[in-house]
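Just so you know, the sequences run in chain order A and B. Residue numbers for the first sequence, in the numbering used here: 1 to 166. Residue numbers for the second sequence, in the numbering used here: 1 to 348.
Hints may contain errors.
Below, in silico cross-link-like pairs of lysine to any residue (SDA-like), each with a Cα-Cα straight-line distance of 20 Å or less [what the hints assert, rightly or not]:
id: 1; chain 1: B; residue 1: K223; chain 2: A; residue 2: Q116
id: 2; chain 1: B; residue 1: K155; chain 2: B; residue 2: S54
id: 3; chain 1: B; residue 1: K223; chain 2: A; residue 2: P109
Source of the hints: derived by calculation from the structure; they are not laboratory data.
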Amino acid sequence: MKDLSPRSSAPADETAATTQGIKIVGFLCNWCSYGGADTAGVCRFKQPTDLRVVRIPCTGRMDPLFIAKSLIYGVDGVLVSGCHPRDCHYAVGNFYARRRMEALKAFLPFMGIDTQRFRYTWVSASEGQQWQKVVTEFSEQIHRLGPNPGLKQRSGDHSIPSIALR
Amino acid sequence: MAVGWVKRSAAHHAVSEIERVEKAVLETSRMQLHKLVEEALPELEMMIGWAESSDPLQTTPIFIRDAKSISKLTCGPLCSQNLTGYLVKPPALDSVPKDAKPIGICVKGCDSRSLVALIQEKFLTRDRVRIFGIPCRGTVDWRKVEKRVQLLNVKSATVEDDWLILDDSGTTHKIALEEVLSRKCLGCRYPNPVIHDVLIGQSATPRSTDLATTYRDVDAIEKEPLEQRLAFWQSELDRCIRCYACRNACPLCVCQDKCIVETREPRWLTQRAGIPEKFLFHFIHAMHLAGRCTGCGECERVCPMEIPVTLIKEKLNKIMEEMLGYAAGLDPDAVPPLLTFNPGETEI
Numbered sequence: 001m002k003d004l005s006p007r008s009s010a011p012a013d014e015t016a017a018t019t020q021g022i023k024i025v026g027f028l029c030n031w032c033s034y035g036g037a038d039t040a041g042v043c044r045f046k047q048p049t050d051l052r053v054v055r056i057p058c059t060g061r062m063d064p065l066f067i068a069k070s071l072i073y074g075v076d077g078v079l080v081s082g083c084h085p086r087d088c089h090y091a092v093g094n095f096y097a098r099r100r101m102e103a104l105k106a107f108l109p110f111m112g113i114d115t116q117r118f119r120y121t122w123v124s125a126s127e128g129q130q131w132q133k134v135v136t137e138f139s140e141q142i143h144r145l146g147p148n149p150g151l152k153q154r155s156g157d158h159s160i161p162s163i164a165l166r
Numbered sequence: 001m002a003v004g005w006v007k008r009s010a011a012h013h014a015v016s017e018i019e020r021v022e023k024a025v026l027e028t029s030r031m032q033l034h035k036l037v038e039e040a041l042p043e044l045e046m047m048i049g050w051a052e053s054s055d056p057l058q059t060t061p062i063f064i065r066d067a068k069s070i071s072k073l074t075c076g077p078l079c080s081q082n083l084t085g086y087l088v089k090p091p092a093l094d095s096v097p098k099d100a101k102p103i104g105i106c107v108k109g110c111d112s113r114s115l116v117a118l119i120q121e122k123f124l125t126r127d128r129v130r131i132f133g134i135p136c137r138g139t140v141d142w143r144k145v146e147k148r149v150q151l152l153n154v155k156s157a158t159v160e161d162d163w164l165i166l167d168d169s170g171t172t173h174k175i176a177l178e179e180v181l182s183r184k185c186l187g188c189r190y191p192n193p194v195i196h197d198v199l200i201g202q203s204a205t206p207r208s209t210d211l212a213t214t215y216r217d218v219d220a221i222e223k224e225p226l227e228q229r230l231a232f233w234q235s236e237l238d239r240c241i242r243c244y245a246c247r248n249a250c251p252l253c254v255c256q257d258k259c260i261v262e263t264r265e266p267r268w269l270t271q272r273a274g275i276p277e278k279f280l281f282h283f284i285h286a287m288h289l290a291g292r293c294t295g296c297g298e299c300e301r302v303c304p305m306e307i308p309v310t311l312i313k314e315k316l317n318k319i320m321e322e323m324l325g326y327a328a329g330l331d332p333d334a335v336p337p338l339l340t341f342n343p344g345e346t347e348i
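Can you make the complete structure from the sequences, with help from the hints?
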């Protein structure tokens with residue numbers, strides 16, 4: 001796994017103070033959301049800079065474990081975005097993805113991982129404005145949550161609860 | 001040959017009428033099993049069942065090809081292993097050609113659900129197996145026995161009515177069966193095989209009919225705040241030595257040498273022994289079983305570090321039942337929910 005420690009070099013624009021140290025991974029479908037993010041860029045919509053984009057062929061390619069691994073290894077937030085349901089380039093990829101990601105979303109808090117660090121959404125290639133909105137909102141949410149405490153060390157301030165199993 | 005769980009312990013006294021009937025039922029089901037297997041064996045390539053082992057508290061799998069070994073077959077609360085994994089994993093069937101005669105197998109309620117799941121995913125065809133269904137009243141967890149009484153050298157373990165009676169080098173321990181049953185058995189909804197060719201003995205009463213009883217342990221964890229849940233899993237999974245026993249024992253972990261926790265390409269996991277690696281390993285196991293796990297509890301039974309690993313899958317099973325109304329391993333014609341979709345669903 002690559003080093004995920006906070007960036008040392010400060011970003012250039014004025015949002016630097018707020019974005020520093022926060023890393024969000026965005027998995028974007030090639031056909032819609034990646035296009036949408038491009039549209040937002042071409043239209044010069046201002047966006048937070050803490051999103052790193054990974055382009056995937058379709059949200060149907062999204063293995064829930066991509067999200068789990070990112071969060072386990074200390075990424076602060078994961079955003080998945082694809083074509084709107086019924087608009088998938090491959091017809092059905094996002095239908096599969098929807099079930100998987102809902103299952104993961106319900107599962108994460110059971111293992112003690114804050115489900116607010118993960119969001120999935122649908123953005124089409126023409127929705128630059130919508131993309132800006134999604135990224136800004138999610139980024140703000142992650143900033144409110146702060147850096148991901150991660151799992152690397154057992155946190156000393158929490159005693160191990162004695163949960164009585166059968 | 002004397003059989004542990006029906007053999008009468010010397011120190012046991014005053015057998016009541018009910019106990020005698022109960023014992024007779026157990027003994028009869030064992031004899032019935034022997035008789036049925038004897039009749040069926042000529043048409044079978046092999047019979048897979050349980051036999052007594054050197055440890056009276058545990059049984060061992062047995063692969064029967066000739067009639068002489070049939071008398072070793074046993075059934076009852078000490079037969080905790082799920083044998084269905086042998087049907088899809090090497091090496092048990094390596095020498096059996098695909099067009100050979102069917103294979104006979106003994107299954108409890110939970111094991112039969114694994115069979116259904118394997119049939120659903122076409123790892124097995126129904127006509128390849130002859131299923132000897134055995135209604136189950138719960139299986140004994142030997143670790144719970146060891147936690148209750150100090151054991152030195154158990155000579156025999158017998159089940160009579162609702163009691164487990166141990167002869168431990170002269171001392172007799174009488175333990176309520178209820179207190180030493182495996183965790184998964186206490187919320188069991190399907191004690192009777194859901195699929196079978198023949199049924200041995202009388203059908204059992206389910207211990208649970210609702211989600212709250214079945215998923216009681218899941219709910220106990222969910223009551224804790226998020227940080228406490230993380231602390232709980234960190235302390236539990238910290239013990240994991242990544243021996244992969246849970247994966248190897250799981251009848252539905254079918255990737256075998258392609259398993260991504262071991263492959264170099266793609267390389268999901270390193271050999272590092274940190275908590276993130278352990279978490280990710282258990283996430284991989286759980287997510288690959290989402291919507292497929294039948295809750296047979298094998299992963300937890302074989303864990304040498306006593307981590308409640310089945311609990312992780314139980315949570316996913318609960319999600320599948322609540323979100324998609326699907327319980328795995330009940331209908332051979334159903335498709336596991338994460339392998340299909342429904343365009344109309346908007347609520348999830």
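Now for the hints, and whether the structure bears them out:
1. B:K223 x A:Q116: Roughly 18 Å between the alpha carbons, so the hint for B:K223 and A:Q116 holds.
2. B:K155 x B:S54: Holds: B:K155 and B:S54 sit about 9 Å apart, inside 20 Å.
3. B:K223 x A:P109: Cα-Cα ~11 Å, so holds.
Violated hints are absent here; each numbered hint is respected by the structure.
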